[in-house]
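Enquirer: Chains E and S, in that order, are what the protein sequence lines are. The numbers in our numbering rise by one with no breaks, and the one at position 27 of the first sequence is 27. Just add 170 to the spot in the second sequence (first one is 1) and you have our numbering.
Any given hint might turn out to be false.
[Stated by the list, open to error] Under 8 Å between C-beta atoms, here's a sample of chain S residues computed to sit facing chain E:
#1 I174
#2 A180
#3 L208
#4 Q210
#5 V221
#6 V250
Everything labelled a hint here was simulated from the structure, so no lab data went into it. Where a beta carbon is used, it is the ideal one built from N, C-alpha and C, also for glycine.
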Amino acid sequence: MSYLSFESILYTGAIGLIVIGTLGMVMSSHLFRMVLALAIAEAGANLLMVLAGYRGEAVAPILGVYPAGTAMVDPVPQVLVLTAIVIGVGVQALAVSVLMRLYQSYGSLDVRVLRERFELDLSKAAGIGPPGSQEAPAGERPLPPPIPIAARRSELGVPVGGARAGESAP
Amino acid sequence: MRNIASLVFAAGLAFLLLVIASEIGFGTPKMLIGTGILAQAPDQVGAANIVTAVLLGYRGIDTLGELSILFAAASAAGLVLARRRDTGTAPRPADPPGGFILRTGADLLFPLLLVVGFYIIVHGHLTPGGGFQGGVILAAAFFVLVLARPAGGMNHTAIAWVEGLAGAAFIGIGLWALWDNGDFLRPLLGQGVLGELLSAGTLPLLSLAVGLKVGAELAGLMTLLAEHSAEPEASDR
Chain E
1 MSYLSFESIL
11 YTGAIGLIVI
21 GTLGMVMSSH
31 LFRMVLALAI
41 AEAGANLLMV
51 LAGYRGEAVA
61 PILGVYPAGT
71 AMVDPVPQVL
81 VLTAIVIGVG
91 VQALAVSVLM
101 RLYQSYGSLD
111 VRVLRERFEL
121 DLSKAAGIGP
131 PGSQEAPAGE
141 RPLPPPIPIA
151 ARRSELGVPV
161 GGARAGESAP
Chain S
171 MRNIASLVFA
181 AGLAFLLLVI
191 ASEIGFGTPK
201 MLIGTGILAQ
211 APDQVGAANI
221 VTAVLLGYRG
231 IDTLGELSIL
241 FAAASAAGLV
251 LARRRDTGTA
261 PRPADPPGGF
271 ILRTGADLLF
281 PLLLVVGFYI
291 IVHGHLTPGG
301 GFQGGVILAA
311 AFFVLVLARP
321 AGGMNHTAIA
331 WVEGLAGAAF
341 IGIGLWALWD
351 NGDFLRPLLG
361 QGVLGELLSA
371 GTLPLLSLAV
381 GLKVGAELAG
391 LMTLLAEHSA
401 EPEASDR
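Start from the sequences and build out the full structure, keeping to the hints where you can.
Expert: Listed below in structure tokens is the structure:
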């Protein structure tokens, strides 16, 4: 693979698709772009698998077309890819349907916006104030003094309705 | 920081895959199973298309598993996009203006796609193609109609019946083989003459079952998505 040949170009193309898709999934913050990146990575993986079954000077694995004894390519990777493509479509449709529900409920597909709204909803459902931390205090300044662990343990028993802003659920 | 970590991760992945690919070597498959199947399939299965012989003969139970994955995805999507059935109180929305060419083109395309899809399914054991590919074309045929007339909708009950019967037929053929000679999904009915339409035993039947199931499932999935986006609900919350 150190030289630039036909096969290295093919392999680099397939692996490049996988890497581009992976990067897209990790680095984008929009959920639909993640689904598209997943589709790209899947195409690269399928291509790589078909390439693994390639054999030089060989024909498609169909009998009766070529004279008997002609070398044929490996059929097993083709079968795997064949089913993987259809299943990929099904999985993408499922992902898109989840995204549609998300967009209906939260009005956005951006991960950062979604995370904020999730946390708001979660804390609202749990009956506590908005989440906060030492870095981004949500309550009034100055910060309340830190609560000793023993006192915090005793607080676990009581209902959390009156929990102070600035500390999330224990 | 996160971007740098992602880049490093992607570079490592690329390096790993390149090294593996260079170790495999190009054009000389290392897998013995492919060579073995190529040597044995003409005598054992009788299907001209060895890919179909592997798909429905040697790996038939894997295909059943893949069908169940597809079924799980389709039912999960149906579950996610489910809505309360309002019994005809609201009038069905009218079709958006599409024009004569779109509607007539869809009507013309529908039977052609059906024929191509069934051709590919039925000839799956002879030519490139088979249940999965033909099923996708069948799904496309029904989806063309839905795209041209979004308000028309589709009969989901019929789709569910076709899907269920096709899946049951696949398992039924497998059980028949189990009862007949003790191997689940083993091809039955003899091999026939290589290259004829009625050959390779039960493989064409399995192919038909796979095609109908895949077609019904994908058509139902895509129609569900299209219907859902065509008539958004007022509010879910």
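Enquirer: All hints are to be evaluated individually against the structure, with a verdict given for each.
Expert: Here's how the hints hold up against the structure:
Taking 8 Å as the C-beta cut-off, the interface hint given for I174 (chain S) is violated, the closest approach to chain E being about 10 Å. A hinted interface residue such as A180 (chain S) counts as satisfied when its beta carbon comes closer than 8 Å to some beta carbon of chain E; here the least separation is about 5 Å, so the hint holds. The criterion of a C-beta within 8 Å of any C-beta in chain E is met by L208 (chain S), whose closest approach is roughly 5 Å, and the hint holds. The closest approach between the C-beta of Q210 (chain S) and any C-beta of chain E is roughly 12 Å, which is over the 8 Å cut-off, so the hint fails.
Satisfaction of the interface hint for V221 (chain S) is found here, the shortest Cβ-Cβ separation to chain E being roughly 5 Å, below the 8 Å cut-off. The interface hint given for V250 (chain S) is met, as the beta carbon of that residue sits about 5 Å from the closest beta carbon of chain E, less than 8 Å.
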